[in-house]
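Chains B and V supply the protein sequences, listed in that same order. For the first sequence, this note's numbering gives the first residue as 1, with consecutive numbering after it. For the second sequence, this note's numbering gives the first residue as 1001, with consecutive numbering after it.
Hints in this document: simulated from the structure, not taken from any laboratory. A portion of the hints provided could be inaccurate.
[Stated by the list, open to error] Derived pair list, reagent style DSS-like, types lysine-lysine, alpha-carbon separation capped at 30 Å:
| no. | chain 1 | residue 1 | chain 2 | residue 2 |
| --- | --- | --- | --- | --- |
| 1 | B | Lys114 | B | Lys102 |
| 2 | V | Lys1198 | B | Lys114 |
| 3 | V | Lys1023 | V | Lys1079 |
| 4 | V | Lys1079 | V | Lys1014 |
| 5 | B | Lys102 | B | Lys34 |
| 6 | B | Lys70 | V | Lys1079 |
[Stated by the list, open to error] Output of the computed footprint for chain B on chain V, the stretches with three or more beta carbons under 8 Å from beta carbons of chain B:
| no. | region |
| --- | --- |
| 7 | 1024 to 1034 |
| 8 | 1175 to 1181 |
Computed from a prediction, not measured in an experiment: that's the story for all the values here. Beta carbons: idealized from backbone N, C-alpha and C, even for Gly.
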Amino acid sequence: MTTNRLARNALLVTSAALMLLTLYMVFIWVPTEKNLGISQRIFYFHVAQAWVGFFAFFWVVVGSVGYLWKRSQACDRLAYSSAEIGMLFTTLMLVTGVTWAKPAWGVWWTWDPKLTTSLILWLIYAAYLMLRAYSPPGDQGSRFAAVLGIVGFVDVPIIYLSVVWWRTVHPPLVVGPAATGALEPSMRTVLMVATIAFTFLFAYLLLERLSLRRSEEETDRARVSVEYAVPERRAMEGT
Amino acid sequence: MTGFWSVVATMMWKDVLTELRAKEVVTAVLTFAILTLVILNFAVNKETRFTPVVAPGVLWVSITFAGVLGLTRSFALEKDRGNLEGLLLTPTGRDALFAGKMLGGLAFMLAAEAVLLPFFAVLFDVSPFQPVLLLVILLATVGFVAIGTLFSAIAVNTRSREIMLPMLFLPIVVPVVIGAVAASGGVLEGRPWGEIAKWVQLLAVFDLLALVFCAFAFEHVIQE
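Model the full assembly from the supplied sequences, consistent with the hints where possible.
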């Protein structure tokens, strides 16, 4: 309990400090990109959020496989909590991506493989959270979610491949500085710091959500036992 | 092994018999698919309507959405009449139950598509009765039905199941839709096999993965 609290506080302080450092580096320290101008600074947040989003969905799969294999409640909590946080960061990634696409490409959206796959991934995990909300409580709902968590993850490379093939009929896109492959050293440093900062934030949010989920489960159990106990006692007391 | 196939055949026969008497699924799927063809006909530009560019997209949107409708029914009947509990009490493998339900669903979808295709040919002025296109339709339908049967078994146990199935099903079958549309477009435009082959392979690989994974996952979905 106390070690958990301690770990969460340490993560909170670390990610806050790293976030401040990221903000300083992105907005003050790093030079402005020559062609894209100021809008290129979204890149550091966008890529870091994308990384955390995919990282979170990776933990959903780990939790899902673990749950189907061992039926352990801890695995289920990991999958559910990770999916929520992954959803948050994937949403942020799509929003920052669309915001950056307008000044960089002149359009909000293109059906390029990366964009399309990200959007479908987002839809799959939106369905995952809906399934969690609509499923019966307990083991059955967890099993359903675990199956979807694994199908979704296995499906993503196939979706990517099919969209790549689909798009080859059209001219390839010129995608920002990342397309050239070589990133200016100072920019690479900022990107690394931003990615580490967001990963720490993810770890903090995950631990916080896991602990909250444990409390929710305890509350549920307590409520169930009260709901069963009170009528029984009233019946015994004859009121 | 004979035990497995006799269970599969019995399951399938049960569904076919129910369908022959009630005529619920195939009629609903077919009517909905034709309605979608008609509505999409108004949605696309008048000049491009009859070209092979638009037609495959229209065909697959129609089959995909009608398929969702049919697959919702697949387990709704089992659930509503308490049949599922009965099936689970029988000493049969879950994979046999899955194969039976899947083949039943496949038969219904193919029956509906067999009637839909002439409508499609007439309304969109294309000739869809070509061996490669029929192969594409078969492969895509197998993929739809494998994924759909698994998710139908999940969705039927949730609240608001009519909403849940399309939410689960549609994002996962995106590769099938892309492969089917691209392959059908290639066939209708008269492209050589070399250009269509990779899409057919994509569909075949998807089917294989879907069948193996869904049969395995079905065991975890259906258990009390």
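Here is what the structure says about each hint:
With a CA separation close to 16 Å, the supplied pair B:Lys114 and B:Lys102 stays within the 30 Å bound. About 21 Å separates the Cα atoms of V:Lys1198 and B:Lys114, which keeps this hinted pair within 30 Å; it holds. Of the supplied pair hints, the one linking V:Lys1023 and V:Lys1079 holds, its CA atoms being roughly 18 Å apart against a limit of 30 Å. Taking the CA atoms of V:Lys1079 and V:Lys1014, the gap is about 15 Å. The hint holds against a cut of 30 Å.
The hinted pair formed by B:Lys102 and B:Lys34 meets the criterion: a straight-line CA distance of about 17 Å does not exceed 30 Å. The suggested pairing of B:Lys70 with V:Lys1079 holds, with an alpha-carbon distance near 28 Å, which does not exceed 30 Å. As drawn, the region 1024 to 1034 of chain V meets chain B at 0 residues by the rule of a beta-carbon pair under 8 Å; below three, the given contact is violated. Note: the region 1175 to 1181 of chain V has 3 residues with beta-carbon separation from chain B under 8 Å; the three-residue rule is met and the coverage holds.
Hint check: a violation occurs at hint 7 only; the rest are consistent with the structure.
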